[in-house]
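Starting from the given sequences, assemble the full structure and let the hints guide the process.
2 protein chains.
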Amino acid sequence: MGIVDRLRYVVGAAYVVQGDGASDANAGWEQDWRRRTRGHGLALVRPQNTQEVAEVVRLCAAAGVSIVPQGGNTGLVEGSIPDGSGTQVVLSLNRMTAVRDLDPSNLTVTVEAGCILQALHEVVERAGYLFPLSLAAKGSCTIGGNLATNAGGTQVVRYGNARNLCLGLEVVTPRGEVWQSLSGLRKDNTGYDLRDLFVGSEGTLGVITAATLQLYPQPRARLTAWAAVPSESAALELLARARRNLGAGLTGFELMGRFAVSMVCLHLPQLRVPVFRGTDPYFVLIELSDSESEPHARERLEALLGEALEDGCMNDAVIAESLAQTRELWEIRESIPLAAYKEGVMAAHDVALPISAIPRFIAETQAQLTGALPGVRVANFGHLGDGNLHYNVHAPAGRDAPEFLRRHEEQIRQIVYASAVALGGSFSAEHGIGRLKLHRMESHKAPVELEMMRSIKRALDPIGVMNPGCIVR
Amino acid sequence: MGIVDRLRYVVGAAYVVQGDGASDANAGWEQDWRRRTRGHGLALVRPQNTQEVAEVVRLCAAAGVSIVPQGGNTGLVEGSIPDGSGTQVVLSLNRMTAVRDLDPSNLTVTVEAGCILQALHEVVERAGYLFPLSLAAKGSCTIGGNLATNAGGTQVVRYGNARNLCLGLEVVTPRGEVWQSLSGLRKDNTGYDLRDLFVGSEGTLGVITAATLQLYPQPRARLTAWAAVPSESAALELLARARRNLGAGLTGFELMGRFAVSMVCLHLPQLRVPVFRGTDPYFVLIELSDSESEPHARERLEALLGEALEDGCMNDAVIAESLAQTRELWEIRESIPLAAYKEGVMAAHDVALPISAIPRFIAETQAQLTGALPGVRVANFGHLGDGNLHYNVHAPAGRDAPEFLRRHEEQIRQIVYASAVALGGSFSAEHGIGRLKLHRMESHKAPVELEMMRSIKRALDPIGVMNPGCIVR
Numbered sequence: 001m002g003i004v005d006r007l008r009y010v011v012g013a014a015y016v017v018q019g020d021g022a023s024d025a026n027a028g029w030e031q032d033w034r035r036r037t038r039g040h041g042l043a044l045v046r047p048q049n050t051q052e053v054a055e056v057v058r059l060c061a062a063a064g065v066s067i068v069p070q071g072g073n074t075g076l077v078e079g080s081i082p083d084g085s086g087t088q089v090v091l092s093l094n095r096m097t098a099v100r101d102l103d104p105s106n107l108t109v110t111v112e113a114g115c116i117l118q119a120l121h122e123v124v125e126r127a128g129y130l131f132p133l134s135l136a137a138k139g140s141c142t143i144g145g146n147l148a149t150n151a152g153g154t155q156v157v158r159y160g161n162a163r164n165l166c167l168g169l170e171v172v173t174p175r176g177e178v179w180q181s182l183s184g185l186r187k188d189n190t191g192y193d194l195r196d197l198f199v200g201s202e203g204t205l206g207v208i209t210a211a212t213l214q215l216y217p218q219p220r221a222r223l224t225a226w227a228a229v230p231s232e233s234a235a236l237e238l239l240a241r242a243r244r245n246l247g248a249g250l251t252g253f254e255l256m257g258r259f260a261v262s263m264v265c266l267h268l269p270q271l272r273v274p275v276f277r278g279t280d281p282y283f284v285l286i287e288l289s290d291s292e293s294e295p296h297a298r299e300r301l302e303a304l305l306g307e308a309l310e311d312g313c314m315n316d317a318v319i320a321e322s323l324a325q326t327r328e329l330w331e332i333r334e335s336i337p338l339a340a341y342k343e344g345v346m347a348a349h350d351v352a353l354p355i356s357a358i359p360r361f362i363a364e365t366q367a368q369l370t371g372a373l374p375g376v377r378v379a380n381f382g383h384l385g386d387g388n389l390h391y392n393v394h395a396p397a398g399r400d401a402p403e404f405l406r407r408h409e410e411q412i413r414q415i416v417y418a419s420a421v422a423l424g425g426s427f428s429a430e431h432g433i434g435r436l437k438l439h440r441m442e443s444h445k446a447p448v449e450l451e452m453m454r455s456i457k458r459a460l461d462p463i464g465v466m467n468p469g470c471i472v473r
Numbered sequence: 001m002g003i004v005d006r007l008r009y010v011v012g013a014a015y016v017v018q019g020d021g022a023s024d025a026n027a028g029w030e031q032d033w034r035r036r037t038r039g040h041g042l043a044l045v046r047p048q049n050t051q052e053v054a055e056v057v058r059l060c061a062a063a064g065v066s067i068v069p070q071g072g073n074t075g076l077v078e079g080s081i082p083d084g085s086g087t088q089v090v091l092s093l094n095r096m097t098a099v100r101d102l103d104p105s106n107l108t109v110t111v112e113a114g115c116i117l118q119a120l121h122e123v124v125e126r127a128g129y130l131f132p133l134s135l136a137a138k139g140s141c142t143i144g145g146n147l148a149t150n151a152g153g154t155q156v157v158r159y160g161n162a163r164n165l166c167l168g169l170e171v172v173t174p175r176g177e178v179w180q181s182l183s184g185l186r187k188d189n190t191g192y193d194l195r196d197l198f199v200g201s202e203g204t205l206g207v208i209t210a211a212t213l214q215l216y217p218q219p220r221a222r223l224t225a226w227a228a229v230p231s232e233s234a235a236l237e238l239l240a241r242a243r244r245n246l247g248a249g250l251t252g253f254e255l256m257g258r259f260a261v262s263m264v265c266l267h268l269p270q271l272r273v274p275v276f277r278g279t280d281p282y283f284v285l286i287e288l289s290d291s292e293s294e295p296h297a298r299e300r301l302e303a304l305l306g307e308a309l310e311d312g313c314m315n316d317a318v319i320a321e322s323l324a325q326t327r328e329l330w331e332i333r334e335s336i337p338l339a340a341y342k343e344g345v346m347a348a349h350d351v352a353l354p355i356s357a358i359p360r361f362i363a364e365t366q367a368q369l370t371g372a373l374p375g376v377r378v379a380n381f382g383h384l385g386d387g388n389l390h391y392n393v394h395a396p397a398g399r400d401a402p403e404f405l406r407r408h409e410e411q412i413r414q415i416v417y418a419s420a421v422a423l424g425g426s427f428s429a430e431h432g433i434g435r436l437k438l439h440r441m442e443s444h445k446a447p448v449e450l451e452m453m454r455s456i457k458r459a460l461d462p463i464g465v466m467n468p469g470c471i472v473r
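Protein chains in written order, with full-length UniProt numbering: chain A, 1 to 473; chain B, 1 to 473.
As the list makes no split between identical chains, a pair holds if one copy fits it or if it spans any two.
Taking lysine to aspartate or glutamate pairs in the EDC-like style, the calculated list, with each CA pair at most 20 Å apart, reads:
1) K445 to E177
2) K342 to E403
3) K445 to D193
4) K138 to E328
Hint data in this document are derived by calculation from the structure and do not stem from the laboratory.
Now the structure itself:
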């Protein structure tokens with residue numbers, strides 16, 4: 001019996017798919033989210049529980065067939081699609097969606113890997129709690145994928161990345177054993193932190209099948225303000241002031257450069273951008289979560305903005321008056337990638353910097369780019385509170401963008417990444433490595449660090465069954 | 001030239017100590033903090049910088065001599081003293097105390113491993129910031145030790161353990177290479193999380209020589225309340241209410257059982273315990289940190305306590321009226337170990353539980369203990385907000401405590417640990433494993449987990465030079 005027949009025997013014939021998946025509702029299991037690369041897999045396998053996952057892994061390991069775990073397949077670095085060889089099995093977790101347990105007095109929820117982030121939000125919100133991880137793909141991405149990639153998003157300034165929200169894991173190891181560690185403990189100093197090692201390992205060390213996650217009480221009020229600021233330094237000044245005045249109430253602080261916002265105005269005119277003057281170089285979104293009341297939140301936010309206006313670190317601002325207006329403001333921010341896509345192809349980057357280095361990064365990178373490629377246009381936006389910029393470089397106006405990118409993309413990327421790394425930054429803040437950025441690891445990581453990663457990979461997955469070609473060679 | 005002479009050559013003869021260290025100000029480098037075990041080392045070596053640490057590690061690795069890193073030597077599980085063989089080198093970081101950098105707009109500080117926690121507090125507080133890690137040993141423990149053991153303490157309910165406060169590390173690997181990763185980034189998804197692997201690894205994977213840590217703005221006010229509560233369930237109710245009403249303002253929530261507090265009254269009569277009636281079974285300390293003002297903090301805390309009184313989850317409470325009174329209240333909590341020591345020897349435990357399981361743990365463990373050993377007295381206290389109890393069992397009143405403990409200590413420990421683990425808990429919440437609890441790993445951890453830990457140890461330290469006998473065999 002061949003491997004595919006054995007897999008059918010384990011999970012049921014209906015749950016082993018062969019051939020192009022493009023007829024599915026989404027783009028298919030072989031296609032990456034950005035539609036730049038299509039892989040070719042041996043089969044898509046959809047087990048229904050942890051034991052089936054373990055059997056699939058054991059079968060594949062015994063047959064020398066490698067496995068690519070897949071959640072919502074919304075990753076941006078081609079870590080959840082098969083390579084082009086036609087020999088890899090894609091292991092989808094999308095039948096494992098159960099919320100196994102919600103423990104209000106421990107403030108935890110235990111959920112299976114295939115549960116979609118937004119579905120989890122709905123379950124915990126109905127119970128009166130908050131699971132703060134939030135990102136644009138929340139309607140499609142899964143908890144397993146969020147953890148495997150250590151997802152970031154818009155609430156990191158207060159709640160941290162996916163790793164910080166995870167207390168316990170259930171994992172199928174590369175040998176097909178089940179490691180059950182869904183503990184729900186805040187403190188557990190009993191040996192090496194395997195949990196944080198699996199989180200962010202992009203399916204290369206095992207398959208996350210379930211997790212215990214931290215919940216928070218829902219804040220009594222959430223308020224959002226939109227502000228125009230005169231410079232990136234002023235934005236940092238406003239951030240520091242917001243941290244001092246709002247403390248942990250500051251749950252979002254997003255930066256948007258003028259060009260990024262102007263693309264939204266141009267390509268998505270149905271969105272109303274408040275206080276947008278062509279002379280304001282930057283805009284910020286500030287979110288305050290308050291455990292007292294709406295009037296209290298408004299008073300605090302107004303006081304902050306009043307001080308900032310007086311200080312000159314802000315030009316103008318508006319506080320959302322309703323939930324609908326709040327949603328509109330966030331929609332402007334979240335629509336920047338779509339507007340940029342409508343503007344044309346670009347070189348997108350996801351860099352992180354020490355927050356203090358951001359003004360220098362912006363100035364130096366811009367100077368190098370326009371020195372090398374006069375006229376390029378930079379759409380600069382991101383999660384300023386975490387030092388995370390989505391720094392996207394568009395072709396000069398009027399140029400054939402695909403042609404320009406074909407010729408200059410690698411040069412642009414090298415300038416941006418080298419500039420970030422030189423200032424103590426990262427060439428992948430929240431998107432991860434996958435296959436797409438694997439070659440950047442060698443350029444930007446010290447040999448001692450790469451060698452530690454390789455030796456951990458060899459130690460936990462000696463025959464290389466789990467997602468080979470991601471993170472480490 | 002023998003290894004000790006080579007070490008003298010590297011760090012200077014004055015910084016290589018041989019023989020009993022008990023003439024030092026502290027108990028000496030071979031003596032554990034609790035004075036239960038004295039090791040016997042080949043030499044104490046005190047390098048002055050990271051390069052010297054690397055040379056020491058290379059020399060020892062080449063000579064097949066194992067290394068025990070030592071910070072403030074305040075650990076409670078015998079992980080920072082040599083074994084009895086007389087062959088191990090103790091590597092003290094206590095000459096590496098520099099605060100290398102404080103970056104206010106990134107809210108980070110970069111500090112060497114030997115810096116004492118309290119000294120770091122003073123530096124960052126002078127600059128107007130807060131480094132929230134706080135534990136009773138803060139006047140002696142070092143940042144390197146805090147990270148190597150993933151220290152917990154009293155602020156975990158809001159800020160997490162040492163791991164959550166660490167953004168970057170500088171580490172000397174078991175091969176004597178320097179891994180420089182003092183990044184100060186909030187987001188950096190470029191490969192496996194080596195940082196969190198070194199944090200909590202108790203010196204078994206390398207030597208932490210410096211770290212970049214997260215700072216917070218200082219709150220504008222901190223208020224502490226002392227409350228008497230009618231049961232452990234009522235304490236949980238009050239905790240849930242405090243989380244809802246105070247949000248992230250809740251920075252401390254400590255539980256103390258009546259017997260624990262009564263030992264303070266008895267043995268440390270100079271401490272004034274407020275609202276202490278012999279009928280109240282539990283007391284809690286609540287700390288609120290407020291980013292607005294003292295009057296605002298007081299209003300919120302009074303409202304919380306008023307509601308709790310009405311609900312019946314609290315019997316009585318007092319809010320500290322001054323900084324001095326705040327210190328007094330915390331001193332009662334922090335003096336429990338000293339009072340217990342004066343009461344006589346005991347079996348101390350450091351367990352963690354899902355918070356929801358705490359009432360059941362307390363009831364079941366008490367029943368089992370008094371069933372097996374009638375009359376034993378339990379001093380139950382700890383960080384309720386993190387589910388961390390310091391559950392200490394004293395001999396029955398009037399019995400010869402040392403004799404009782406000699407006969408029954410192992411039985412007591414087995415009851416307590418089995419009870420915690422059966423309810424999804426941990427047998428070491430914040431103290432770690434060291435040599436003292438190594439044998440508990442085999443009793444309470446799944447083989448699949450132990451094998452992953454062993455394979456990581458072999459991968460990163462193949463010849464076993466770093467702190468052998470801790471965490472893994």
